[in-house]
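All chains should be built: construct the whole structure from the sequences, respecting the hints.
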Amino acid sequence: MGGTHRERRPGALCRDDVVWLAPEPDRPFRAMTGAVWRAFPDHPPYGGEFDDIVPHLTVGHADLPAMRATAAELARRLPVRALVDRVQVMEGTDAPDSWRTTAELSLRGPAPGPRPPG
Numbered sequence: 001m002g003g004t005h006r007e008r009r010p011g012a013l014c015r016d017d018v019v020w021l022a023p024e025p026d027r028p029f030r031a032m033t034g035a036v037w038r039a040f041p042d043h044p045p046y047g048g049e050f051d052d053i054v055p056h057l058t059v060g061h062a063d064l065p066a067m068r069a070t071a072a073e074l075a076r077r078l079p080v081r082a083l084v085d086r087v088q089v090m091e092g093t094d095a096p097d098s099w100r101t102t103a104e105l106s107l108r109g110p111a112p113g114p115r116p117p118g
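For reference, each letter of the sequence shown is one residue, going 1 to 118 in our numbering.
Check the hints yourself; a few may be wrong.
Pairwise CB distance ranges, derived in the manner of DEER restraints [said to hold, decoys possible]:
1. 42 - 79: 36 to 42 angstroms
2. 50 - 25: 19 to 25 angstroms
3. 25 - 63: 29 to 35 angstroms
4. 108 - 69: 32 to 38 angstroms
5. 37 - 57: 18 to 24 angstroms
6. 64 - 97: 20 to 26 angstroms
7. 41 - 64: 33 to 39 angstroms
8. 42 - 76: 40 to 46 angstroms
No wet-lab data here; the hints were simulated from the structure.
Model, not experiment: these values are computed from the prediction.
All C-beta atoms, glycine included, are put in the ideal place defined by N, C-alpha and C.
Okay, structure coming up:
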């Protein structure tokens, strides 16, 4: 799965105490998730908690009224266009400020340089 992926975020979604943005199309992100899971089958996404992994960008966590207000504000600013050129592996807990990036992977492939002889 090389290269970069362009995404369009068509809507802000609010569920429970989370607001998030969904990429469109989501197929490249589902394919990446599946490839990582196949490479590391003992480590399913989200610890195997969900049957269907929905690609998304989490915007924030707060009480439901705050998240609804955030989703409404985001909706006025959409669509957002972005070039996705890296994946960050993160881990954390529900504790405030516990999330940390543990790895960053480029989707651009190796940097251009001299070709090896032969």
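Each hint, compared with the structure:
1. 42 - 79: 36 to 42 angstroms: 37 angstroms Cβ-Cβ, so the 36 to 42 angstroms window holds.
2. 50 - 25: 19 to 25 angstroms: holds (20 angstroms)
3. 25 - 63: 29 to 35 angstroms: holds (32 angstroms)
4. 108 - 69: 32 to 38 angstroms: Cβ of residue 108 to Cβ of residue 69: about 37 angstroms, so the range 32 to 38 angstroms holds.
5. 37 - 57: 18 to 24 angstroms: holds (19 angstroms)
6. 64 - 97: 20 to 26 angstroms: Holds, since residue 64 and residue 97 (Cβ atoms, about 22 angstroms apart) stay within the stated range.
7. 41 - 64: 33 to 39 angstroms: Taking Cβ atoms as reference, residue 41 and residue 64 lie about 36 angstroms apart, which means the hint holds.
8. 42 - 76: 40 to 46 angstroms: About 43 angstroms separates the Cβ atoms of residue 42 and residue 76, which means 40 to 46 angstroms holds.
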